[in-house]
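A.B. asks: Chain residues, written in single-letter form:
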Amino acid sequence: MNIVVLVKQVPDTYSERKLSDADSTLDRDSADAVLDEINEKAVEQALQIKEAGEGEVTVVCVGPDRATDAIRKALSMGADKAVHVCDDALHGSDVLATAKVIAAAIGKGDAPDLVLAGNEATDGGGGAIPAILSELLGLPQLTHAREVSIEGQTVKATRETDEGLTYLEANLPAIVSVAEKINEPRYPSFKGIMAAKKKPVDTFTVADLGVDAGEVGLGNAWSAVTEAAPKPPRAAGQKAEDEGDGGTKIAEYLVTQKLI
Amino acid sequence: MVPVERLLPNREAADLLKLVTEIAREELAPISAEYEAAERFPREQFRLLGRSGLLGLPYQERWGGAGLGYEVYLACLEELAAAWMTVGVGLSVHTMSCYALAEYGTDAQRDRWLPDMLGGELLGGYALSETNAGSDPASMSTRADAEGARYRINGTKAWITHGGVADYYKLMARTGEGSHGISCFLVDAGIPGLEATPPEKKMGLTGSPTTQLVFSNVEVEGDRLLGEEGQGLPIALSALDSGRLGIAACAVGLARAALDEAVAYAKGRSQFGRPIADFQGIEFLLADMAAGVETGRAMYVDAARRRDAGLAFAKQASIAKLVATDAAMKVTTDAVQVFGGAGYTRDFPVERYLREAKVPQIFEGTNQIQRMVIARHLKSS
Ligand SMILES: Cc1cc2nc3c(=O)[nH]c(=O)nc-3n(C[C@H](O)[C@H](O)[C@H](O)COP(=O)(O)OP(=O)(O)OC[C@H]3O[C@@H](n4cnc5c(N)ncnc54)[C@H](O)[C@@H]3O)c2cc1C
Ligand SMILES: Cc1cc2nc3c(=O)[nH]c(=O)nc-3n(C[C@H](O)[C@H](O)[C@H](O)COP(=O)(O)OP(=O)(O)OC[C@H]3O[C@@H](n4cnc5c(N)ncnc54)[C@H](O)[C@@H]3O)c2cc1C
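Chains as they are written, first to last, in this note's numbering: chain Z, 6 to 265; chain G, 64 to 444.
No lab work stands behind these hints: they were computed from the structure. Since the structure is predicted, the reported quantities are computational estimates derived from the model, not experimental observations. Any given hint might turn out to be false.
Stated by the list, open to error - Under the rule of at most 25 Å between Cα atoms (straight-line distance), these lysine-lysine pairs were calculated in the PhoX-like manner:
no.: 1; chain 1: Z; residue 1: Lys196; chain 2: Z; residue 2: Lys55
no.: 2; chain 1: G; residue 1: Lys421; chain 2: G; residue 2: Lys265
no.: 3; chain 1: Z; residue 1: Lys86; chain 2: Z; residue 2: Lys204
no.: 4; chain 1: Z; residue 1: Lys161; chain 2: Z; residue 2: Lys55
no.: 5; chain 1: Z; residue 1: Lys105; chain 2: Z; residue 2: Lys86
no.: 6; chain 1: G; residue 1: Lys378; chain 2: G; residue 2: Lys442
no.: 7; chain 1: G; residue 1: Lys264; chain 2: Z; residue 2: Lys23
no.: 8; chain 1: Z; residue 1: Lys86; chain 2: Z; residue 2: Lys202
no.: 9; chain 1: G; residue 1: Lys81; chain 2: Z; residue 2: Lys203
no.: 10; chain 1: G; residue 1: Lys393; chain 2: Z; residue 2: Lys204
no.: 11; chain 1: G; residue 1: Lys81; chain 2: Z; residue 2: Lys86
no.: 12; chain 1: Z; residue 1: Lys244; chain 2: Z; residue 2: Lys263
no.: 13; chain 1: G; residue 1: Lys330; chain 2: G; residue 2: Lys378
no.: 14; chain 1: Z; residue 1: Lys23; chain 2: G; residue 2: Lys330
no.: 15; chain 1: Z; residue 1: Lys86; chain 2: Z; residue 2: Lys113
no.: 16; chain 1: Z; residue 1: Lys55; chain 2: Z; residue 2: Lys244
no.: 17; chain 1: Z; residue 1: Lys196; chain 2: Z; residue 2: Lys113
no.: 18; chain 1: G; residue 1: Lys330; chain 2: Z; residue 2: Lys236
no.: 19; chain 1: Z; residue 1: Lys244; chain 2: Z; residue 2: Lys86
no.: 20; chain 1: Z; residue 1: Lys196; chain 2: G; residue 2: Lys81
no.: 21; chain 1: G; residue 1: Lys264; chain 2: G; residue 2: Lys393
no.: 22; chain 1: Z; residue 1: Lys202; chain 2: G; residue 2: Lys81
no.: 23; chain 1: Z; residue 1: Lys236; chain 2: Z; residue 2: Lys113
no.: 24; chain 1: G; residue 1: Lys265; chain 2: G; residue 2: Lys393
Said to hold, decoys possible - Here are the simulated distance ranges between beta carbons:
no.: 25; chain 1: G; residue 1: Gly132; chain 2: Z; residue 2: Thr208; range: 56 to 66 Å
no.: 26; chain 1: Z; residue 1: Lys244; chain 2: G; residue 2: Ser198; range: 31 to 41 Å
no.: 27; chain 1: G; residue 1: Asn73; chain 2: Z; residue 2: Glu156; range: 35 to 45 Å
no.: 28; chain 1: Z; residue 1: Glu140; chain 2: G; residue 2: Ala361; range: 56 to 66 Å
no.: 29; chain 1: Z; residue 1: Thr210; chain 2: G; residue 2: Ala77; range: 36 to 46 Å
no.: 30; chain 1: Z; residue 1: Pro237; chain 2: G; residue 2: Arg74; range: 33 to 43 Å
no.: 31; chain 1: G; residue 1: Arg368; chain 2: Z; residue 2: Thr210; range: 40 to 50 Å
no.: 32; chain 1: Z; residue 1: Ala218; chain 2: G; residue 2: Leu111; range: 38 to 48 Å
no.: 33; chain 1: Z; residue 1: Lys161; chain 2: G; residue 2: Pro93; range: 33 to 43 Å
For every residue, glycine included, the Cβ atom is placed at its ideal position computed from N, Cα and C.
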């Protein structure tokens, strides 16, 4: 079983995140960068599938030089090898361009049986990469999975959205995007860290992948951020003194807010 | 927690520190206050450290260790202690409990027991002190009498960290008279005749059980003897040289946690219309606290580098322990001062840090004993 996992490096949610003044893209230098937690969960899922049967887990990452840290984390968790697409031309690429690059990067290796991704990144995530990729690769997509299982040539997933649970099934090869509740990712071990050192990482530029540089980057994006403002600080709440009529006061407030 | 920029030898060490910091932040810091208040030992968290390969960092890979130098190992300890002193101290004690076997055991003994102690999820304790033999361990009375191919152990050890929760103990007991009559044994915790008393009621480090160990006719096989008969005290003292470095690193972690809390509070708390961090009286307090933290770190890093380079380091280890633990006492006391009345309550962690800072001045050789050791080196050189 050949499993590909898409991984992204994002600013640590523990540090303050902001957009760069110059072009309103994410300021990646202002915060510590980590492997996105939803991707850790995708890697965990891949490892569980591999451990239940057999197979090889390849992580694919599009990102700047220092994304190698996120790749190493995935390898130290237990992934077998990595593909890193690293090219300054990619700065500011939109979801369409990013998906094209990922599709081309996947095409560099053996055809995957399963592509795993997070349902959306915790930074500037559009949440659309798995869907676009499914179109580009011509594979069925099973998104927002909180449970995944492989049975022979079939993949089953429990999809969870605000509308409820849906039970999905598709033939392999397929794309699955995992949601928050899928699993608790493992920590790497020191042995894993040492093993990661020796695992192969293939690095490609956009040109290596045969993608036209005119299709990627900020200048060629179909969407643009024209303006951004920081989130306003939270306003102080409204206090009601309870003089035996606390319940009534709360109800009256909710009525003014048209909540009841 | 404000991250520490360290000069680490290589990328693997940096990745290891990242892993340790992540475990500290995600798994330890969030529950430390609750466990300490409930006097609950984090046994499961130690199993996680074991699965992550963190229970044998400074020992040889051949027996399940990570083969790391002390400089990197101590940096890991500092990170763990900054999140939770009980875990930092516990890992240091565990590491010391493996020392005699790792350094003085035969290959047969090491092959048999060490992999589970270094590369597994087992937890160790070390039993040297007795009620009447603390600073002066040579006066201990617990006996291990040779009976054919076995030893019969009788007596009571005191102040044993991980008493009742450890899987094995490194035990010092008397096989003869005088300071040359003490030997070192590896004893399974579950062996018949060995009981741990209920934990001491301590002022701090309450998540870490400290108990007596009562040995009543405990019989162990002869191959449980580590090193030669009579070599026990030198082994124990040599283990303490390294153990003191661990305690120094833990004290630095604890002091750093208190400093971080104090700085954050001082920036947010206003009196007289200004953040108290802007008053010189507070600025100087914080500056002295930072100087204390960094002096402690510099001392343990220096001693660790000497150890890693194969140089003598016992004097430096005692200096590091003395300086770092005295600094931690002062820094945590001053952190409570910065918090004012709030610092004296259990709503904030600094009063707990203050209570936890007292014991590193006492165990692994009180700070008076460290001065004795340092002076002995001065006079003999
Ligand atoms: C929480 C905790 C955990 C511990 N864990 C362990 C453990 O895991 N294993 C273990 O074996 N032990 C452990 N100990 C024991 C610890 O090492 C001893 O408490 C320590 O060595 C001091 O011995 P004592 O308590 O008997 O004090 P004493 O030796 O009675 O000392 C009392 C005072 O006299 C001073 N003093 C003693 N002799 C001299 C001297 N010659 N000159 C000047 N001053 C002197 C001391 O500095 C101290 O201030 C632990 C203790 C505590 C509190
Ligand atoms: C157990 C307890 C009992 C108490 N009992 C009473 C009581 O019965 N009645 C009562 O009225 N109060 C009582 N108090 C309150 C006590 O007097 C205050 O805690 C104390 O005055 C400090 O105020 P604070 O806690 O707000 O600290 P803060 O004023 O916020 O001080 C925080 C820190 O900033 C420092 N600081 C503040 N201003 C400056 C400055 N200009 N320059 C330099 N440093 C500065 C302080 O020294 C302190 O280190 C009690 C407090 C406690 C803890």
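A.B. asks: Compare the structure with each hint and give your call.
C.D. replies: We went through each hint and held it up to the structure:
Only pairs whose Cα atoms come within 25 Å are accepted, and Z/Lys196 paired with Z/Lys55 is accepted, the gap being roughly 19 Å. About 11 Å separates the Cα atoms of G/Lys421 and G/Lys265, which keeps this hinted pair within 25 Å; it holds. Between the alpha carbons of Z/Lys86 and Z/Lys204 the distance comes to roughly 6 Å, so the proposed pair stays at or under 25 Å and holds. Only pairs whose Cα atoms come within 25 Å are accepted, and Z/Lys161 paired with Z/Lys55 is accepted, the gap being roughly 16 Å.
Taking the CA atoms of Z/Lys105 and Z/Lys86, the gap is about 21 Å. The hint holds against a cut of 25 Å. For the proposed pair G/Lys378 and G/Lys442, the alpha carbon gap of about 12 Å is at most 25 Å, so the pair holds. Distance restraint check for G/Lys264 and Z/Lys23: the Cα-Cα separation of roughly 49 Å exceeds the 25 Å cut-off, and the hinted pair is therefore not satisfied. For the suggested pair Z/Lys86 and Z/Lys202, the alpha carbons sit about 11 Å apart, so the restraint of at most 25 Å is met.
Of the supplied pair hints, the one linking G/Lys81 and Z/Lys203 holds, its CA atoms being roughly 19 Å apart against a limit of 25 Å. Under the criterion of a C-alpha separation no larger than 25 Å, the hint pairing G/Lys393 with Z/Lys204 is inconsistent with the structure, at around 47 Å. Proposed proximity of G/Lys81 and Z/Lys86 is supported: the alpha carbons are some 21 Å apart, at most 25 Å. Pair hint Z/Lys244 plus Z/Lys263 holds up; C-alpha atoms about 18 Å apart against a cutoff of 25 Å.
In summary, the hint linking G/Lys330 to G/Lys378 is not supported, as the alpha carbons are separated by about 39 Å, beyond the 25 Å threshold. Under the criterion of a C-alpha separation no larger than 25 Å, the hint pairing Z/Lys23 with G/Lys330 is consistent with the structure, at around 22 Å. For the given pair, Z/Lys86 sits about 13 Å from Z/Lys113 by alpha-carbon distance, which is consistent with the 25 Å threshold. Distance hint between Z/Lys55 and Z/Lys244 is unfulfilled; the C-alpha atoms sit about 55 Å from each other, more than 25 Å.
Taken as a hint, the Z/Lys196 and Z/Lys113 pair is broken in the structure, with Cα atoms around 29 Å apart against an allowance of 25 Å. A threshold of 25 Å between alpha carbons decides the hint, and for G/Lys330 with Z/Lys236 the separation of about 22 Å falls inside it, so the pair holds. Taking the CA atoms of Z/Lys244 and Z/Lys86, the gap is about 56 Å. The hint is violated against a cut of 25 Å. As the CA atoms of Z/Lys196 and G/Lys81 are separated by approximately 14 Å, the hinted pair is consistent with the 25 Å bound.
Between the alpha carbons of G/Lys264 and G/Lys393 the distance comes to roughly 24 Å, so the proposed pair stays at or under 25 Å and holds. Restraint check for Z/Lys202 and G/Lys81: the C-alpha separation of about 15 Å stays at or below 25 Å, so the hint holds. Distance restraint check for Z/Lys236 and Z/Lys113: the Cα-Cα separation of roughly 42 Å exceeds the 25 Å cut-off, and the hinted pair is therefore not satisfied. With a CA separation close to 20 Å, the supplied pair G/Lys265 and G/Lys393 stays within the 25 Å bound.
A hinted range of 56 to 66 Å for the beta carbons of G/Gly132 and Z/Thr208 is inconsistent with their spacing of about 31 Å. Between Z/Lys244 and G/Ser198 the Cβ separation comes to about 59 Å, which falls outside the hinted range of 31 to 41 Å. At about 44 Å, the beta-carbon gap between G/Asn73 and Z/Glu156 stays in the expected band of 35 to 45 Å. Between Z/Glu140 and G/Ala361, the C-beta spacing of about 58 Å keeps the proposed range 56 to 66 Å intact.
Distance hint check for Z/Thr210 and G/Ala77: the Cβ-Cβ separation is about 27 Å, which falls outside the suggested range of 36 to 46 Å. Range check, Z/Pro237 to G/Arg74: Cβ separation about 41 Å, and the 33 to 43 Å hint holds. Judged by the Cβ atoms, the range 40 to 50 Å given for G/Arg368 and Z/Thr210 holds: they are separated by roughly 41 Å. Hint check: Z/Ala218 to G/Leu111, Cβ distance near 46 Å, so the stated range 38 to 48 Å holds.
Checking the proposed 33 to 43 Å range against Z/Lys161 and G/Pro93 shows it holds: the Cβ atoms sit about 34 Å from each other.
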